[in-house]
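Novice: The primary structure of each chain is shown beneath.
Number of protein chains: 4
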Amino acid sequence: MSYVRKIINDPVYGFITVDDPLIFKIIAHPFYQRLRRIYQMAFASLVYPGAVHSRLHHSLGAYHLMGLAITELRNKGIEITKEEETGAKIAILLHDIGHGPFSHALEKKLIRNVDHEQISLMILGLLNGNMNGQLETAIKIFTDAYPKKFLHQLVSGQLDVDRMDYLTRDSFFTGVSEGVIGYDRILKMLVVHDGELMIEEKAIYSVEKFLVARRLMYWQVYHHKTVVVAEKMLVKIIDRAQALIQNKINLHAASPVLDFFLKQDTNEHFEKYLEKFTQLDDTDILCTLKIWCSHPDGVLSTLCKGLINRDLLKIRLQSERFDEEEIIKLQKDVAGKLRITMDEAQYFVFKGEAINTTYNPLDEHIKILFKDGTVSDISKVDNALIHQQLAAPVKKYYLCYLQ
Amino acid sequence: MSYVRKIINDPVYGFITVDDPLIFKIIAHPFYQRLRRIYQMAFASLVYPGAVHSRLHHSLGAYHLMGLAITELRNKGIEITKEEETGAKIAILLHDIGHGPFSHALEKKLIRNVDHEQISLMILGLLNGNMNGQLETAIKIFTDAYPKKFLHQLVSGQLDVDRMDYLTRDSFFTGVSEGVIGYDRILKMLVVHDGELMIEEKAIYSVEKFLVARRLMYWQVYHHKTVVVAEKMLVKIIDRAQALIQNKINLHAASPVLDFFLKQDTNEHFEKYLEKFTQLDDTDILCTLKIWCSHPDGVLSTLCKGLINRDLLKIRLQSERFDEEEIIKLQKDVAGKLRITMDEAQYFVFKGEAINTTYNPLDEHIKILFKDGTVSDISKVDNALIHQQLAAPVKKYYLCYLQ
Amino acid sequence: MSYVRKIINDPVYGFITVDDPLIFKIIAHPFYQRLRRIYQMAFASLVYPGAVHSRLHHSLGAYHLMGLAITELRNKGIEITKEEETGAKIAILLHDIGHGPFSHALEKKLIRNVDHEQISLMILGLLNGNMNGQLETAIKIFTDAYPKKFLHQLVSGQLDVDRMDYLTRDSFFTGVSEGVIGYDRILKMLVVHDGELMIEEKAIYSVEKFLVARRLMYWQVYHHKTVVVAEKMLVKIIDRAQALIQNKINLHAASPVLDFFLKQDTNEHFEKYLEKFTQLDDTDILCTLKIWCSHPDGVLSTLCKGLINRDLLKIRLQSERFDEEEIIKLQKDVAGKLRITMDEAQYFVFKGEAINTTYNPLDEHIKILFKDGTVSDISKVDNALIHQQLAAPVKKYYLCYLQ
Amino acid sequence: MSYVRKIINDPVYGFITVDDPLIFKIIAHPFYQRLRRIYQMAFASLVYPGAVHSRLHHSLGAYHLMGLAITELRNKGIEITKEEETGAKIAILLHDIGHGPFSHALEKKLIRNVDHEQISLMILGLLNGNMNGQLETAIKIFTDAYPKKFLHQLVSGQLDVDRMDYLTRDSFFTGVSEGVIGYDRILKMLVVHDGELMIEEKAIYSVEKFLVARRLMYWQVYHHKTVVVAEKMLVKIIDRAQALIQNKINLHAASPVLDFFLKQDTNEHFEKYLEKFTQLDDTDILCTLKIWCSHPDGVLSTLCKGLINRDLLKIRLQSERFDEEEIIKLQKDVAGKLRITMDEAQYFVFKGEAINTTYNPLDEHIKILFKDGTVSDISKVDNALIHQQLAAPVKKYYLCYLQ
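Chains as they are written, first to last, in the numbering used here: chain A, 15 to 417; chain B, 15 to 417; chain C, 15 to 417; chain D, 15 to 417.
What the hints contain is simulated information worked out from the structure, not anything from laboratory work.
Treat the numbers as computed from the prediction; the structure is a model and nothing was measured.
Please note: incorrect hints may appear among the correct ones.
Given that identical chains are not distinguished, each listed pair holds provided it fits within a single copy or across any two copies.
Said to hold, decoys possible - No more than 27 Å apart at the CA atoms, straight line, and that leaves these computed lysine-lysine pairs for DSSO-like: (1) 410 to 385; (2) 351 to 39; (3) 385 to 239; (4) 246 to 410; (5) 319 to 162; (6) 277 to 162; (7) 123 to 351; (8) 385 to 246; (9) 216 to 409; (10) 381 to 163; (11) 239 to 90; (12) 381 to 351; (13) 216 to 20; (14) 246 to 394; (15) 328 to 346; (16) 409 to 290.
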C-alpha cells in the first residue's frame, strides 16, 4: 500500500495528521527531536505544574493549524499549490528550531550576538543542504521573500498560527481557562485580499477576544512574578558561572557541550558551532544546576539550590520604579547575612522591567475586510475595544531580593 | 438512613448536589418545574442549535455557584449561618421564577404593567405563604432588605452568580468558546470588605476577561441579528393577534391559559392572575404559532410560518439610524407584493435599537480590594482595560424587512 | 461572490460546515425544521436537565461525522464521487425525519401500523418529488439499494455515524462523561474492504470501548428508571385519552393536528396523512398534557399533572419477573385510594420489560481488518472483551405504581 | 491575616487547594520538588507528545481527589478526624516519592534489591524524623497499620485515588479520550461499610467503565509497543554501561550522583544511600544518554543515539511466543551488519513478555454495597461485564530488533 500516514494524538486538537514524506523526514531529524527536551514555557511549570509541554509539541500544533488555515483559504478560492502548502508547513514546523535551552531567559546570554531567529534560519539552511534544496520554498516563506506574502503572515504576523497555537496550548496546559481563544473561528474567518492576510468583519469580536486573552496570558502567566524571578535567577547563575570561569575557578557543566558554550567565545562565525548548538537542551541546564548545588562557591550553590528546590528569591512587581536606596539597603542586608561582598549581593538583590503591548497599531496590523470590500485596521474600527490606550505598551518594574 | 442527598448530572459543572429538605421542596414545586419548559435563550437556538437549555437548568447552575461562593467566603472567615446559606440559595434558585414564555421578547407585552422581577417577588411571596414563612430570609436577600448586603450582591450585582452561570452556560451550550469566563477563579477571589462583595487584586485580569466575554456574548449571541429578528417577529405576531382580537376576528390560542392572557386585561391586580400565569410556558406560544400558520389572516399566518419554519425576515444592523424614506419604500414594496395595506406592511418592515453597555461605572460597581486594604473601582485601576470609552453604552440600529 | 458556505457552532464538534446548495435547501425545508421541536432524548431531561437537545441538532452532528468519514476513506484511496457524498450526507441528515413526537414512547401508538423508518422513507420520497429527483442516490443509500454497500453501512450499521453522534452528543448533553466514545479515532480507523465497512486492527480497544459506553448509556441513561416511568406514563395518558374518545367523552388536544391523529384511524393509506404528520411535534403533546391537567376525568388529569410537574409514579427495576399477586394488591390499594375501578387502577400500576444487547454477533457485525489482510468478527478476536456472555441480551423487568 | 491558602491551577480539575501548614512544608521539601523532574509516564511522550506531565503533578492530583473523597465520606456520616485527613493526604502525596528516574523501566536495575515502595517508606521515615513525628499517622495509613482500614484503601486499593488520578490525568495529557473515567461519579458513590471501602450499587456501570478504561489504557498507552521498546532500550543501555564499567572502560555519567549508582553496589544498607538517591531524576539519565551518544563503544552509542533521536528498534507484539530460530537469525544479521559479536547482538535483538489483568477477583476486590445492605464482589454481580474471562491475565510477547 503506497498510502502512508501518521496520526498523532493531541489533547488540544484531537489528532494531528502527517502525510507528506518530506515532513516525516524533518520530524524524524535529530534537530527536530531535540525540541522534545525543551520546555515550551521554561519555568512556568513552577507556577502551573501542567505547563511542561515541549517546543516539539507546540510546533506540531502550529503545523496542524497551518493545515487548517490552508484548507480554509483554498475553500475560499485562494490558490495555494502543493509545494507552497508543504513550504508553509515546514516553515512553521521549524520556526522555533533555533531556540536554545530556556530560550527567553538565556537569549543573548549563552550565545551573545546571534538571536534565535537567526539560528533558526541557519538550521533551515543546513537542513536544506542535507535535503537537496527541498526547503527552498520554506526558507523563502520564512524570510518573507516569497511572492505570496500571506504565507509568511501565516507563519509570522499578528494572526499567525504560531500565536494561535501557543495561546491555545499554553492556556490548555496551564489550566488558565481565560486564555482560551476561538482559534477555530478565527481560522474560518481568514481571507486574503490584495495578497494580504485579513479577517472578515464578523470576526471582530473574536479578534478582540484574542488580543485580550493574549494580554491576560502575558500578565497572568508569561510575566507571572514567580516565573520572572526564576528566569532571572537562571540568568544570575550563568553570570556567576562565567565570572568564576574567568577567574579560573574549577567549574564544569554536566555535559561537554554546555561546558563548551560556557567557556568558549562563539560570537564570531557562529555557523561553525551550529552542529554543537543542536545538541543543547534543557536537560543540560537542569542537570548542571543540580551538580552546582554542591559547588564550593556559595553564591553559585545558593542560587542553584534555590532554583532546583523552588526556594526562590522574593519578587515585587509595581508600576513605579523602585527606590535605589531601598535596593542598596536590601543588598547590604544580604551581604551581611550571607557574608558576601556588596558586588556578590547583586546576585541576590536586583531590579528590572517587564513590558507588554496588547496591540501596537504602529508596528503591527490586523486588517478587517468589510463586506463592502473596504479595509480597516482593527484599532480604527468603531466601538472597538482596541483603542489608543490599550495600544500603548504597559511597563512594570520588578525587584528581586533574598529575604 | 437519615442522610438524603440528590446528585444531578450537569455537563457544565459535573455534578450539582441538593441536600436541604426545603430546597428539595422548592425544586419539586410545579412553579419551579415550569421552568423546564422555558428556554433560557429563547430563539438563540435558531442560530446556535445547542442553545436549548432551560431556565430550570440555569437556575440550578446558579444555585450550585452560590454554594461554591458561600464555601469560599466561609473559608476566608466570613460568617454565614445555615439559615442565610439556605436563604441565599433559595433566592438565586427563584430569581427568574417570574419569567414568562420568551420573556425578553414578550416582557411588558403579554403582561403590560408588571415586569418579571415583580412577578418573581409575588411568586416568592406565594410560596412563602404555602411553606409557613420559611422563605422570609430568601425574600429579604432577594429584595436587598437583609443586613448582610453581600448576600444580595451574590444574587444580583456586577459579579453575581446569575451572570457567572448564564455566561458560562450559554457559552457552553452555544459552543461559543470565546464566551468562557473563569468563573471558578473569580469565585475563589471573592472577598467581603466593609460588608460588601469585592474581588481580590490578583483577579483583575479575570474580571476584565469576564467583562469582555460578556460584551462578546452580547453582540455575537444575545443580540445576534437573527435572534433579534426572530424576537421582533414574535412581538409583531402578538401585536397582530391582539389587533385581530380587538376587531372581533375569530382567533384562539392553543391553550385556554394563553388565550386568557391574550384577551383579558390583567394589568390591575395582577396577583389575581398569578396562579394562571404560572401555567404559561414556551409550549403555549409555539403550539399556538403552529396553529396560526393556517389562520385566514394573511399577515398573521405569514409571520407565524416564517418564525416556525425559520424563514425569517431579513435584518440589517448598523451604527447609524436608518433612513425613513428607505423604510417607506420597503413598506410600499411589501404592501404591493403581499397585497396588504401600508399599515399592515409595518408588520413586515420596521426598525429599532439594540443597546449594550460593557461596564457602566455610574450605575454598577466592581470593587477591587488591594493587598494594602485600599479599595478602588475597576474602571479607576491603572492600566485597566475597562476605561471611559468601553464604559459608554453602544447603540446599534436595526431594520427588519421582507424581501 | 459565488462562494456560499454556512458555519454552524456546535458545542460538541466546534463547527459544522454546510456548503452544498441542495443540502441548504433540505435543511431550510419545514419538514427538517420541525426536528427543532422534537427532543432527541424525550423525557431524559427529567433526570439529566441538560439533555434537551433536538433531533435537528443530532442529525446535523451525524451529517458532520459523515463528512469526516468520507474524507478519511477518500484519503485511503476509496473512490467516492461528489454525488455519492451528497447522497450519503442527505441520507444521514434525514434518517430520523419520520420520528413523531416522543417517538420511542409513542411508536406504534399514535400511528399504529407504520414505524418511523417507513415514514422517513415516505418523506424522503415526497421531498424527492419536490426536488426533481435530486434525492435518488440518497434514497438508494438509505434503503441499501446502492451498489457501494459501505455507504449504507455508514448511515445504518454497527459503526454508523448515527450511533457515533448520538452516543457522543447524548453523553455531552447529559454530562455522563463515561459515555464518551473516541469517535474521532474510530473514524480515522475506518476502512473499506471487499466493498464493506471495516475497522483497522489497532482500533479494537476503541471499538470495545464504544460498545461498553453504549451499554453504559443504555442502563444509566436511556433505560434509567425515571425515564422509563415517564415514557410509560405518556403511553397510559394516550391510552386513556383514546378510551375516553371512544366513550364519546368531550376531549380535545391543544392543536387540530394532534386532535386528528388521536381521533382518526390513519392506519390505511398513511401517505394521505403524511403532510399532516409533518406538523406534529413535542409541543403539541406537552401543550395538550398541560390542558388535560384540568380535565374532569380524574385518571387522565392525575396522570397529566404527574408528568407535567415531574411528580412521577414509583418504579422498580429487577432481573426477575414481578409477582402477579403483589401487582393486584397494589392495584387494589390505588383503586381504594383514588376511588376508581380496578380497570382504571391499571393506569397507575403496571409492569413490563426492558431489553438491551451490547453486541449480537448473529444480527450485526463489526469486522476487523488485520494487517495481514484477514478479516474477523470482533466477537471472535482473541482476548476480546466482547464475548459470548456480553453478546446475550439483558432483560430487566419493571413495575410502575402509585404510592 | 492568619488565613493562608494556596490555589494551584490544574488543567484536569481546575484548581487544587492547599491550606494545611504541614502539607505546605512537605510540598516545599526538596524531596517532593524532585518529582517535578520525573516524567509520570516515562517514554510515553515518544508516542503521545502531550504526556510529559510530572510525578509531582500526578501526586498533587491524587491529593486533590483524596480531599474530595474525604468530604464525600464525611457527608455520609463517616467520622474522619482532622488528623486522619492530613495523614491520608500526606500518604497519597508521598506514595510515589520513592520512584527513581524512569522508574518502571529501571526498577530493580539501578537499585537492585529495593523496590520503589520500600524506598517511599524509607523517605517517609526520614521526613517524619525531620518533622518531629508529624507523619506518624500518614505512615500508619500508608503501611495499612491504621485501624480505619478504608483510609489505606483510599491510598492503595482497587478504587484508590492514585489510580483514579493517573487514569484521568494520563488520559487527559495523552489525548486518549477513551481513557476518561467518571472519577467524580465514583467518588460520589464511595461508602464505608464494616470499616471497608465499597461502592454503591448504582455505580456498577461506572466501575465497569473504569476497569475497561484501565484495560484500554494498558494496551493502547502504557504497553504501547513504541513505549515498550524505548523502555527496553534504556534497560539495555544501563546493562551495557555496567558491563563496560566492569571491564574498566572509561565511562562517566553526566552527574556524580548517577555515576555513583552506576558504579557502586548499593544493595546492602540502602538507607545509607537514601539522601543521594533523592538527588536522582530523569535529567541525569537524559543528559547522560546524550553524552554517551559520542562514546567510543559502538553498542552503547548506537543505542543512546537511537533513544535520544527517537530512531528506535523495531518491535513486534503477539499472543504467541517467538521462535528461537528467528531470533538467532536476526541476531546474526545485526552482528554482521554492525560488525559486533553475537553476545553484543543481544543488545539489539531480544524478546520478553507484557502482562495485564483487568480485574483479578482472587487478589483484589471491588465490593458493591446493595441497597438492602448485602455486599458482593463485582465479579459476582448479575450481568456484570467483569466475568471469569476478563479476570484472567492477558499475556503478550514482544520481540525487539534492529532493522
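Novice: Please go over all the hints and tell whether each is borne out by the structure.
Specialist: A quick look at each hint next to the structure:
Taking the shortest Cα distances, residue 410 and residue 385 sit within 27 Å of each other only across copies (17 Å), while inside one copy they are farther apart (40 Å). For the identical chains of this complex, residue 351 and residue 39 are inter-copy neighbours only, at 23 Å across copies versus 56 Å inside a copy, given an alpha-carbon limit of 27 Å. Taking the shortest alpha-carbon separations for residue 385 and residue 239, only the inter-copy value of 16 Å comes in at or below 27 Å, while the best intra-copy value is 44 Å. Taking the shortest alpha-carbon separations for residue 246 and residue 410, only the intra-copy value of 15 Å comes in at or below 27 Å, while the best inter-copy value is 49 Å.
For the homomeric pair residue 319 and residue 162, neither the shortest alpha-carbon distance inside one copy (51 Å) nor that between copies (40 Å) is at most 27 Å. Taking identical chains as interchangeable, the C-alpha atoms of residue 277 and residue 162 are never at most 27 Å apart, the minima being 44 Å within one chain and 60 Å between chains. In this assembly of identical chains, residue 123 and residue 351 lie within 27 Å of each other by CA distance neither inside one copy nor across copies; the values are 29 Å within and 44 Å between. Taking identical chains as interchangeable, the C-alpha atoms of residue 385 and residue 246 lie at most 27 Å apart only when they sit on different chains, with a minimum of 25 Å there against 48 Å within one chain.
Taking identical chains as interchangeable, the C-alpha atoms of residue 216 and residue 409 lie at most 27 Å apart only when they sit on different chains, with a minimum of 17 Å there against 32 Å within one chain. Within a single copy, residue 381 and residue 163 get their C-alpha atoms as close as 14 Å, which meets the 27 Å cut-off; across copies the closest is 47 Å, which misses it. With identical chains, the CA atoms of residue 239 and residue 90 are at most 27 Å apart between copies only, with a shortest distance of 24 Å across copies and 44 Å within one. Proximity of residue 381 and residue 351 under a CA criterion of 27 Å is satisfied in neither setting, with 57 Å inside one chain copy and 41 Å between copies.
With identical chains, the CA atoms of residue 216 and residue 20 are at most 27 Å apart between copies only, with a shortest distance of 13 Å across copies and 36 Å within one. Within a single copy, residue 246 and residue 394 get their C-alpha atoms no closer than 38 Å, and across copies no closer than 32 Å, so neither meets the 27 Å cut-off. For a Cα distance limit of 27 Å, the shortest separation of residue 328 from residue 346 inside one copy, 16 Å, qualifies, whereas the shortest one across copies, 61 Å, does not. Taking CA atoms no more than 27 Å apart as the test, residue 409 paired with residue 290 passes in neither setting, with 37 Å inside one copy and 44 Å between copies.
The structure is inconsistent with the numbered hints 5, 6, 7, 12, 14 and 16, although it conforms to all the rest.
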